[in-house]
Amino acid sequence: MNKKLLAVIGISGTIMLGSVYSISANTSGYDLYKEALKKTHTAESATLDFNLNIEDNKKSIFSSHSIFKSDSVNQLNSISTRLANESEVSNMNMYKQAGNWYVIKDGLDQVYKMDMSKNPHHSNTVELKDDVENLIDVMTKNLQQQITVAEKKDGNHVIVLDLTGKEIPLSANALSTLMIKHAVMLQDNNEMESSDFHIKTKLPELDHEITIKQVKLTAQVNKENYIEQQTIKVILTGKDKQDTRHELVLSINLNATNYNQTTVTPVEIPADKVVEFNHGR
Amino acid sequence: MNTIKANTFNEIQKLLTKKVTKLFLLSTILVPVLTKLLVNHLFLIDWVALPTENINFTLLDLFITILIPLFIFIAATDLFTGEGERGTLFQVRPIRRIELFLTKVIAISVLCLFILLLEWLAVMISSAVFDKAFDIADIPSSVGAFIVSWFPIIVLTAFAVMLALFVHSSVLAISGMIVLYLFMMFIPYVLPGSLYLLPSTYLDWYMQWLSDVSFRWIIQTVTYLCSSFALFFSIGYYMFNRKEA
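Here the protein sequences come in this chain order: A and B.
Numbering-wise (UniProt numbering), the first sequence opens with residue 1 and increments by one.
Numbering-wise (UniProt numbering), the second sequence opens with residue 1 and increments by one.
Hints in this document: simulated from the structure, not taken from any laboratory.
By construction, the Cβ of each residue, glycine as well, lies at the ideal position given by its N, Cα and C atoms.
There's no promise every hint is true.
Said to hold, decoys possible - Partial chain A-side listing against chain B, Cβ under 8 Å, derived: (1) Val8; (2) Ser19; (3) Ser22; (4) Ile61; (5) Ser63; (6) Ile79; (7) Asn134; (8) Leu135; (9) Gln145; (10) Val149; (11) Lys166; (12) Asn173; (13) Ala174.
Make the full structure from the sequences, and use the hints.
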């Protein structure tokens, strides 16, 4: 009797360990994306084409189009941005060279200089990143199974995470609605001190029945494991104080090209037009 | 077969006469009703419109990750460690040890299924009464989710029974199980490799049945659940068999 029992214990224990091993070895779209993200961060240079669009009931209320060229070897960056809301359009160019950011805005004669050397946001250690990675890995365990991967003929992978309604975790939904509610309140407070840097967006003031309807993330990863395209789409619905229903659609489209082949040419900054701009103070 | 049936009823009756079981059954009905009442009639959260189904599944989560494990720990401690202490574990009855062990495990599992179904009923009825957006079409997926959740709970039952047989004091058994369970909940954040080794990881596996499940994943997790049940059950029985009457 005892021998039989010990055999059952041994066999079931082995099968259990085997299944654990095979579950852990599942390479999901999540892992593929994570690896690609890491690889992409190591790229020395790239050109990013960044589009952001916010629609309110199918009407565009804000859009931005930027071309971002980055060369981390020579510490050179250039961003050219076109912002538009319902009525205005504005263009802006930013350059990073010699450790400083310079902002040139259309229609303004001055060049703004931002001193980024005192920026405290660069103390991320590798250890912290690993801890955060573990935390995210465990917290998103159920979402990871919903990520699908499709391989295209040219060897690129398309990774999709599409969450609608009940699939969006309750806590995430509640937290983001809370944030939106507060963002609207903050926008009200800031209205007075408008800076002439950015175009103002008039977001509808959602008041109740706010909920996230859909979150869709897609990424295309190429053969070299670089992320070539990334799109994010978030649909949010809610009602304002007058009980009018709003459907806000936020879409972000990011295309990356010329990995490790982008060259950024420094521009001449006329020294007499430079104005110091205190960032965030 | 008849002895198994008879003794299962006997064990269930023993559990049902306990105050703590009654308390659990009461909370199974009260928690969903109160949650629905709060969500729909409290001004504090009127700015958010959370999907009704989402709240129903959060209630299920609360039960399968906190309340039902707690009930399992209490029941396993009572039926094994507690009876061992009182000396009533092996009665003078024409029942084999394996039958006695099996009926006790079945009794706890059946009561867990009963709690799950009762909770589902309470959620559905309170949802039909209080929610504006109650949809009958959601019933199949929700009843499926509640029933599917039963399987990892059976594994946890076998796990708790195994632990209950290792210790000789009820207080130590129940507190040890709770501490170990909390530990199992948090250890994956430190050691991600251990995540799929722990039975607690699979408690909320119903979520993956709701979306498109991959066949491969079903095979893997079902293999895990079956083999880990066999492991815990047979280790438990090994310990049970060695006990002196």
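Could you check the structure against the hints above and give me the numbers of any it violates, in ascending order? 4, 5, 6, 10
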